[in-house]
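Enquirer: Sequence:
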Amino acid sequence: MIRTFTWAILILMSIHSTALALPLPIGQLNDYANVLDRHGREQLDALIESAKASYGIEVTILASWENPYENIDQYTYAVLDAWGLAHANTILVVFLKGENGWQARLASGESETRAHPRLTADLAAGIADLVLHDRIQEAMVALFQTLDDELSSTHSTSKAPGDGRVLPVLLLIAGAAAAALFIGRRICPRCGRILHTRIGRGFGSYDSKEVVYYCRHCNYSRSTHRRGSGGRGS
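For the sequence shown, the numbering used here puts the final residue at 625, and the numbers step up evenly by one.
Treat the hints with care, since some could be wrong.
[Stated by the list, open to error] Simulated restraints on C-beta separations:
1) 478 <-> 418: 12 to 22 angstroms
2) 568 <-> 520: 56 to 66 angstroms
3) 544 <-> 490: 21 to 31 angstroms
4) 508 <-> 434: 27 to 37 angstroms
Worth flagging that the hints you see were computed from the coordinates, not collected in a lab.
Small disclaimer: the values here were computed from a predicted structure and weren't measured.
Here a beta-carbon is modelled for each residue, glycine too, at the ideal position from N, C-alpha and C.
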């Protein structure tokens, strides 16, 4: 019993010490490896804000030289959980420098994984060559370019149903204009009844016709002249 309790204490202490070894978040851009200069940090901050405004995704970046875990995958998911990102609409990107150069891993929160199941894999593929050649600042920037390439079309498509409302609105306007034209021509301004028409010979040129609009109820009438063949009254 005592031995079991001792092992439990040692495991808890090991977990606790490992958790303490993780870097603390200092924002969405955590450059513990000093990869970026001032201009680079400002550029990445702007790209992070743009991604959030455009797609509602919070991109969190960590660059580090230290890994208390056996591999970068364990490290990435430990950071995702320890920083409270596991259930958020976020993408965590970890750049880790080891003995054999740089590595990068991406993980997403549950909300983002449901929305875009393939996104992290596509983003990782988009920056893989730059990471392989230790061009980490360029890889960070390219990450957002790839994000735009992957989501801009989807984002536009998601708005397409809203754009589809334009045609019904135009049809409604055209219908209202036609109704107004009909009312102006064929509705009696005195009593509101439909006007009848009769067509007779007009003055002037041979093919001139006189169209008379008249109301059988209140005896209102008006006439217009037009060219062309005549029709029968209604």
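Enquirer: Is 21 to 31 angstroms right for how far apart the beta carbons of residue 544 and residue 490 are?
Expert: Roughly 40 angstroms apart at Cβ, these two residues miss the hinted range, so it is violated.
Enquirer: For the hint 56 to 66 angstroms, verify it against the beta carbon of residue 568 and that of residue 520.
Expert: 58 angstroms, holds
Enquirer: Falls inside 27 to 37 angstroms, the C-beta gap from residue 508 to residue 434?
Expert: 29 angstroms, holds
Enquirer: Per the hint of 12 to 22 angstroms, is the separation of the Cβ atoms of residue 478 and residue 418 within bounds?
Expert: 19 angstroms, holds
When each numbered hint is compared with the structure, a violation occurs for hint 3 only.
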